[in-house]
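Engineer: These are the residues of each chain, in order.
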Amino acid sequence: MHPQRKKRLTLILFLVVGVGSAVGLLMYSLSQNINLFQTPTQIANGEVPIGRTIRAGGLVVDGSVVRAEEGLGVTFKVTDGVASVPIFYDGILPDLFREGQGIVALGQLDEAGVLQASEVLAKHDENYMPPEVQEALEKAHQAGKANLEAAAGY
Amino acid sequence: MWQWLKTLYHRLGSPKWFYDLTSRWIPWLIGFSVLGGVVGLVWGLAFAPADYQQGNSFRIIYIHVPAALISQSAYIMMAIAGAVFMIWRMKMAAWVARVIAPIGASFCLIALLTGAIWGQPTWGTWWVWDARLTSMLLLLFLFFGVMALQQAMETDEAGHKASAILALVGLVNIPIIKYSVEWWNTLHQPATLKLTEKPSMHPDMLYPLLIMIVTTYVFFALLVILRTRNEILWHERKRTWVKQLLEKRWNSAA
Numbered sequence: 407m408h409p410q411r412k413k414r415l416t417l418i419l420f421l422v423v424g425v426g427s428a429v430g431l432l433m434y435s436l437s438q439n440i441n442l443f444q445t446p447t448q449i450a451n452g453e454v455p456i457g458r459t460i461r462a463g464g465l466v467v468d469g470s471v472v473r474a475e476e477g478l479g480v481t482f483k484v485t486d487g488v489a490s491v492p493i494f495y496d497g498i499l500p501d502l503f504r505e506g507q508g509i510v511a512l513g514q515l516d517e518a519g520v521l522q523a524s525e526v527l528a529k530h531d532e533n534y535m536p537p538e539v540q541e542a543l544e545k546a547h548q549a550g551k552a553n554l555e556a557a558a559g560y
Numbered sequence: 019m020w021q022w023l024k025t026l027y028h029r030l031g032s033p034k035w036f037y038d039l040t041s042r043w044i045p046w047l048i049g050f051s052v053l054g055g056v057v058g059l060v061w062g063l064a065f066a067p068a069d070y071q072q073g074n075s076f077r078i079i080y081i082h083v084p085a086a087l088i089s090q091s092a093y094i095m096m097a098i099a100g101a102v103f104m105i106w107r108m109k110m111a112a113w114v115a116r117v118i119a120p121i122g123a124s125f126c127l128i129a130l131l132t133g134a135i136w137g138q139p140t141w142g143t144w145w146v147w148d149a150r151l152t153s154m155l156l157l158l159f160l161f162f163g164v165m166a167l168q169q170a171m172e173t174d175e176a177g178h179k180a181s182a183i184l185a186l187v188g189l190v191n192i193p194i195i196k197y198s199v200e201w202w203n204t205l206h207q208p209a210t211l212k213l214t215e216k217p218s219m220h221p222d223m224l225y226p227l228l229i230m231i232v233t234t235y236v237f238f239a240l241l242v243i244l245r246t247r248n249e250i251l252w253h254e255r256k257r258t259w260v261k262q263l264l265e266k267r268w269n270s271a272a
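Line by line, the protein sequences are chains A and B.
Using this note's numbering, the letters of the first sequence correspond one by one to residues 407 to 560.
Using this note's numbering, the letters of the second sequence correspond one by one to residues 19 to 272.
Hint data in this document are derived by calculation from the structure and do not stem from the laboratory.
No experiment lies behind these values; they were computed from the predicted model shown.
Among the hints, a few may not be true.
As the list claims (entries may be wrong) - Derived BS3-like pairs: lysine-lysine, alpha-carbon spacing no greater than 25 Å straight-line: (1) B:179 x A:413; (2) B:212 x B:34; (3) B:24 x A:413.
Using the sequences plus the hints, can you model the full thing?
Structural biologist: Below you can see the structure in the form of structure tokens.
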């Protein structure tokens, strides 16, 4: 290779690698702030100050959804499998909100440890399947079959 | 192999060779884009089963995922072309980098808009500042920046150089987009299609998606080739071969 071209190639490689590692380190040091939401474990460990607006994310605990007698108020718990956090929300829930579904709630933690939410967003997972397949999976699950994927046919 | 690549590289540097070669490709690329687009869209929008949770709104995936993939591929291609120009001063590479920028920006914008339209019914919001959405927005601004820098300089040469450097610096954003959903908690779901594992999508829904992805790549190639040919004609307009070509066109049209 021509020496001048070699020099330019090295310069460009240095540029890309240099910028890459600088941004990588920056991202690493900022990683806690880049997270969209805090997990229930982080909240239970007291990593989240009371009264500050945060987002909490996790799966809605089965059987934890309690609707108020009047109005739209609803209380439920979200979990990450380790800890769980109670959430109170007064408003219209997204269509995909249901027990077992992942959600992200924006709000403040009060003294009682309840997250007073002002916005609840549904999180969708990366699985896509037709309803029939979902039913087949459900049936197989209830029959206690270990091999779920075989029942779904893929 | 190496020798063959070297010959190909030198030939690619010749605008006339590229123009003649792609003249034969264009009808095929158009045919494939139309056919693949019709088959993929009709299959995906009308015949693929609805999703068990999202119902019909999941069908936007047939536009959203191809557009998002291609905008990132376009960016990588633009940065590589920029690097080739910087190192070997190959003019063709600079022209290719220049024509890709608006095409990539368009696909990026389509991905962002379709994502917002899908996010409203599914998540309950049009937009959220999570790592995936923010890094995709940054990609759009990088495309805009490259386009602006190309025009902002006194000479074409300086514009090509400045925009190539910006494109190369912005390359760091590509792995960030890809891994944002794994490194951080985001509202956006992780990837459904993975290179190393089998996709977490039912085959009836997957095949039209794969058709749409391949078709959109072909369509992207078509757009890049067409715009590169225009760029070639403009820059080589005083050359004999372009004059002869135009004369021939003129005579056959008259």
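Engineer: Hints first: check each against the structure and report whether it holds.
Structural biologist: Now the hints, each set against the structure:
1. B:179 x A:413: holds, 16 Å
2. B:212 x B:34: violated, 40 Å
3. B:24 x A:413: Between residue 24 of chain B and residue 413 of chain A the Cα gap is close to 20 Å, so the pair holds against 25 Å.
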